[in-house]
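Visitor: The lines below spell out each chain.
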Amino acid sequence: MQEKNALNYDYTVAKCFTYATILFGIIGMLIGVVIAYQMAFPQLNYLAGEYGTYSRLRPLHTSGVIFGFLLSGIFATWYYVGQRVLKVSMAESKFLMVIGKLHFWVYMIVILTAVVTLFMGISTSKEYAELEWPLDIAVVVLWVLWGISIFGLVGIRREKTLYISMWYYIATFLGVAMLWIFNNMEVPTFLVAGMGKWYHSVSMYAGTNDAMVQWWYGHNAVAFVFTVPIIAMIYYFLPKESGQPVFSYKLSLLSFWGLMFVYLWAGGHHLLFSTVPDWVQTMGSIFSVILILPSWGSAINMLLTMKGQWGQLKENPLVKFMVLASTFYMLSTLEGPIQAIKSVNALAHFTDWIPGHVHDGTLGWVGFMTMAALYHMAPRMYKRELYSKKLMDSQFWLQTTGIVMYFSSMWIAGITQGMMWRATDQFGNLAYSFIDTVTVLIPYYALRATGGLLYLIGFFMFTYNMYKTMTASKAIASEPQNASPMAA
Amino acid sequence: MSMETIRELQAYGYIFFTVFLAVILYAYIYHLYRAEKVGTRNYEKYADMALRDNIDDVPVEAVPPVNKEKE
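Residue numbers (the working numbering), protein chains in the order written: chain W, 1 to 488; chain V, 1 to 71.
Keep in mind that the hints were calculated from the coordinates and are not lab data. Hints may contain errors.
[As the list claims (entries may be wrong)] The calculated SDA-like cross-link candidates involving lysine to any residue, where the alpha carbons are at most 20 Å apart (straight line), are:
| no. | chain 1 | residue 1 | chain 2 | residue 2 |
| --- | --- | --- | --- | --- |
| 1 | W | Lys307 | V | Val23 |
| 2 | W | Lys383 | V | Ile55 |
| 3 | W | Lys250 | V | Arg41 |
| 4 | W | Lys250 | V | Lys45 |
| 5 | W | Lys250 | V | Val23 |
| 6 | W | Lys250 | V | Ile55 |
| 7 | W | Lys320 | W | Leu398 |
| 8 | W | Lys307 | W | Val404 |
| 9 | W | Lys250 | V | Ile29 |
| 10 | W | Lys320 | V | Ile29 |
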C-alpha cells in the first residue's frame, strides 16, 4: 500500500461506466423517440423490415434505458461515491481493481449481446425480463462481480459507519439479485424436452402465478432500479454539490426502512381486476398508497436540505437539476398511488396515462439525477471545469419542456381513452370501437413523441458538454470542495 | 373451512398487522431519538460523511485500529 498522503481515489472504472451511460442513453432514448413517432405515424413501422417494427423495438427501448443507460449510471456513481464515503481508494486493492474492470467488460458484453439478440427477435416475452436463459446467467455473473466490488470495498474501509447512500446501493444489489433470480426461473425447452432452439425457454410458473411473480418483479424493478439507487445518488450528490448536510439523517434512515418494507408488497396493483386473488389486489392497492410516506420522506428531506440555500438554484444548474429531480420524484410517487386506487385504476389501467406516469418518473427523476451526478463527477474525474454553464441551462429548460409535453399529453390521452372505453349508450352497448380511440389519440401521440425528441436533443447537449469537458475544458488546479466549477 | 371463517380470520389478521406495524414504526422513531438523547449515537453527524469525503479527511467515525491490524 502506498503512503496515505500520496493516495488518490481511482476513477478508472467510474469513467468506463460513464462512457457506457452516455452510449446506452443515446441508443435507448433514440429508439424511444422512434417508437413514439411510430405510434403517431404508423407507416414508420416499415422503414427497416422486421427490425424496425414497434414490437421489435419496444423491448430494446425499455431494456436499453433500464439495463443500459441506468444500470451503467448506477455503476458509474457507485465506483465514484463508494470510494469517497468509505474513504478508501480502489488503488489500494489490486484485486478490487481487477474485479471492477472485469465487472465493466462482462457488463458491456452482456448488454451488447442483449441489444443484438433483441433485434433478432429472441425474447422470453416477459416484460422487462425478455432476455433468454444464457444471458440471464451472464447477468448473474456480472451482478456477483458488482457484489464482490461493493463488499470488498466495505471490507477495507476507513469510515466505520456506512453513509445512507451505501445502504441504498447495497439494497439495490440485494433487491435486484432476489427479483432477478425468482422471476427468471425458466425451463430451457431444448435441454429438458428436445424442443425449440437451444437458447429458448419457458417460465417455470404458469398462468396467474406467472403474472404475480412477473409483476412482483416488474414493479420492484421500478423500486430497486428506478428509485433506490437514485436515492443513493441524491443523498450524496445534492449535499456535496450544495455544501449542505442532509436535513435530517434520522429521517433518511426511517424512510429507508419504510421504503424497503412497503415497496415489495405493492406489485399487485399491476393486476387489479384480473384473475389474481382479491386480497392480493387489495394489498397491492393499500401498500401503494402507504408508499407515499417513505417516498416523500426522502424527497422532502432533500428539499429541506436546501433550506435557506434556495439562491443556489439561480447560480448552479446542477442544483437545479437535482431539485427538479426530487420534485418529479414527489410528483410520480403521488401519481402512482393515485393510479393504484381501485376506482381510479378502473379508468387508468391499460391507458396511456400509465406510460405518462412512468416517464415523469424516469425522465424527470431518474434521467435528471443521473445526468446531474455525472456532471458533478466530471470535474473531479477529469480535473477540468465543466465546459459550458449556458449549454447546461439550455439543456435543462429544453428537457423540462419535453417532460411536461410528454406527461401532460399522456394524461389527456389516457383519461380520454379510459372514458371512451367505458362509455355506453342507453342500452348498455359500447359507444366506441377501439379504432375510434386510436383516431382521437393521434395528436397526443405526436405531441408526446415531440416531447421525447426535445429530451433526446437535451441528452445530445449533455453528451457534447461532457465530451468537451473531458477533452477541451480548462484544467483545474485542485479538486472543488462543493459547487462544481463551470465556464460560462 | 367456511368462507365466513376465512373472512373473519382475514379481518383479525388485518387488525393485528396494522397495529403491529404501527408499533414497529413508532418504536423505531422512538429508538432513533432516544439513542441521541442518552448519547449512544449522534445520527446527524453522519451527514458529514458526504461533505468531508476527501481521502485524507479525518473519518467521521474511524474503523478501530485493532481491526485494521487484523486485516
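Visitor: Taking the hints in turn, state whether each one holds.
Guide: Hint check:
1. Between Lys307 of chain W and Val23 of chain V the alpha-carbon distance is near 31 Å, which puts this suggested pair outside the 20 Å criterion.
2. A threshold of 20 Å between alpha carbons decides the hint, and for Lys383 of chain W with Ile55 of chain V the separation of about 16 Å falls inside it, so the pair holds.
3. Of the pairs offered as hints, the one joining Lys250 of chain W and Arg41 of chain V holds, with about 11 Å between alpha carbons and a cut-off of 20 Å not exceeded.
4. At roughly 10 Å between alpha-carbon atoms, Lys250 of chain W and Lys45 of chain V fall within 20 Å of each other, so this suggested pair holds.
5. Simply put, Lys250 of chain W and Val23 of chain V have alpha-carbon atoms about 18 Å apart, close enough for the 20 Å limit, and the pair holds.
6. With a C-alpha separation of about 25 Å, the suggested pair Lys250 of chain W and Ile55 of chain V falls outside the 20 Å cut-off, and the hint is violated.
7. The hinted pair formed by Lys320 of chain W and Leu398 of chain W meets the criterion: a straight-line CA distance of about 14 Å does not exceed 20 Å.
8. Of the pairs offered as hints, the one joining Lys307 of chain W and Val404 of chain W is violated, with about 26 Å between alpha carbons and a cut-off of 20 Å exceeded.
9. For the given pair, Lys250 of chain W sits about 8 Å from Ile29 of chain V by alpha-carbon distance, which is consistent with the 20 Å threshold.
10. For the hint pairing Lys320 of chain W with Ile29 of chain V, the CA-to-CA distance comes to about 32 Å; that exceeds 20 Å, so the pair is violated.
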